[in-house]
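**Q** Chain B: place on chain A using the hints.
Number of protein chains: 2
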Amino acid sequence: MSEEQKMQKRESAIPENEVFVGKKPAMNYVLAVVTQFNNGANSVKVRARGNAISRAVDVAEISRNRFVQDVKVGQISIGSEELANEDGTKSKVSSIEITLER
Amino acid sequence: MSEEQKMQKRESAIPENEVFVGKKPAMNYVLAVVTQFNNGANSVKVRARGNAISRAVDVAEISRNRFVQDVKVGQISIGSEELANEDGTKSKVSSIEITLER
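In order, the protein sequence lines correspond to chains A and B. Anchor point for the first sequence: position 36 equals 36 in the numbering used here, and the numbering is continuous, going up by one each time. Anchor point for the second sequence: position 16 equals 16 in the numbering used here, and the numbering is continuous, going up by one each time.
A few of these clues could be false.
One copy or any two copies: either way a pair holds, since identical chains are not told apart in the list.
List of simulated lysine-lysine pairs, DSBU-like, C-alpha gap at most 30 Å [stated by the list, open to error]:
# : residue 1 : residue 2
1 : 90        : 72
2 : 90        : 24
3 : 92        : 23
Keep in mind the hints are simulated off the structure, nothing from the lab. Every value quoted in this text rests on a predicted model; they were computed, and no experiment measured them.
Excised from the complex, chain A in its bound form:
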């Protein structure tokens, strides 16, 4: 299974009010965040792992400053997750979860 497929499989299991930031341009995820708030969500969690962490911060900042200006940054947490590589070894990767709330 390719990285892309894995990512899609993962994204399909994500509950509402969460946006999992990956490798696409930040504006794609900003759109997802803004849509959820426009659909009545009171909080949206922006999550990412590894190199996408920087993009997740961009997504939170762009959403908040440009599109949904009544929204504030709430809890931010960081952590480490262990991922299994295709060859069976494991690697640790950092993660972030940014809660945006009305």
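**A** Showing chain B alone in chain A's frame:
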């Protein structure tokens, strides 16, 4: 002035108990964090901008999990900074500040 020189100029102005994460390998900054705690600091701020944000999270996680295990993640804040480009235009860049504390 090159990017490298700008970065150095910036780093020289950084107060104690702060580590500004840039483009070097994460372990360089982990060493700086661990050294500050070993020198008696009770809290160290790990800061970064743009793409280095992911690395700053790595630095915080590696320091905490592997080297200074009595240290916890405290306040995490994100923001946007405006930087002047060399041609006079301005760009916005996201930033993060992670406080590690005993």
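**Q** Give a verdict on every hint.
**A** A quick look at each hint next to the structure:
Taking the shortest Cα distances, residue 90 and residue 72 sit within 30 Å of each other only across copies (25 Å), while inside one copy they are farther apart (36 Å). Taking the shortest alpha-carbon separations for residue 90 and residue 24, both the intra-copy value of 25 Å and the inter-copy value of 24 Å come in at or below 30 Å. Both within a single protomer and between protomers do residue 92 and residue 23 lie at most 30 Å apart by alpha-carbon distance, with minima of 19 Å and 20 Å respectively.
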